[in-house]
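Asks: Produce the entire structure from the sequences given, and follow the hints as far as they go.
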Amino acid sequence: EPEVTQTPSHQVTQMGQEVILRCVPISNHLYFYWYRQILGQKVEFLVSFYNNEISEKSEIFDDQFSVERPDGSNFTLKIRSTKLEDSAMYFCASGRGRVEYAQPQHFGDGTRLSIL
Amino acid sequence: SQQGEEDPQALSIQEGENATMNCSYKTSINNLQWYRQNSGRGLVHLILIRSNEREKHSGRLRVTLDTSKKSSSLLITASRAADTASYFCATDGGMNTGFQKLVFGTGTRLLVSP
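Protein sequence lines, in the order shown, are assigned to chains A and B. Under this note's numbering, think of the first position of the first sequence as 61, with each following residue one higher. Under this note's numbering, think of the first position of the second sequence as 130, with each following residue one higher.
Any given hint could be a false lead.
[Claimed, not checked] Straight-line alpha carbon distances no greater than 16 Å define the calculated EDC-like cross-link-like pairs of lysine to aspartate or glutamate that follow:
| no. | chain 1 | residue 1 | chain 2 | residue 2 |
| --- | --- | --- | --- | --- |
| 1 | A | K143 | A | D123 |
| 2 | A | K102 | B | E184 |
| 3 | A | K102 | A | D146 |
| 4 | B | K199 | B | E184 |
| 5 | A | K117 | A | E104 |
| 6 | A | K102 | B | E134 |
Just so you know, the hints here were simulated from the structure itself, not pulled from any lab data.
Replies: What follows is the structure in structure tokens.
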């Protein structure tokens, strides 16, 4: 069964450094998402991406964050200048259609980002 | 913003018993989904119920939805040790968000002992 794959599985970065988290969504999916989960807390929406542009973003997704689909397969999340509070598990997800049209999202196993 | 709250936060049962988890939400929705998360892994979609449905089954899973009470329940029958995981409800974010995203609840940690 097709899967969403994320790399790396664990990223350790010094505060203030840039980090890029990578995802390969399922190939025939059109909607792409990033979520994060701080240890012991809820999974929180960051951003959704469709047709090569951001369709929605949360208040967490400030100017330090950006997303890109540089080619036909990868979907990346960049954090420009990391802060301690960016430490979390970051999940990429993809879906064939919009959530409101009863389309499930398929999640990768996440990247654990640790900011020192 | 919408919040989902699961209840109980943790549930410990024996293999073969049934497990029931509840979820409440605050705004109107088009659908509600349940996901499972094994420790250190991503979320796996289990089942989706539309707002015009009241009950849905999938294998050992039964989901109910009461839109008047803004609540849902997930029943796992004849549980197995492999069902040990965290379970989350997620809604489509409601009208104010354009229904674009999943809004997750706080989760129920289920432990099934052999």
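Asks: Which hint numbers doesn't this structure obey?
Replies: Per hint list: single violation, 2.
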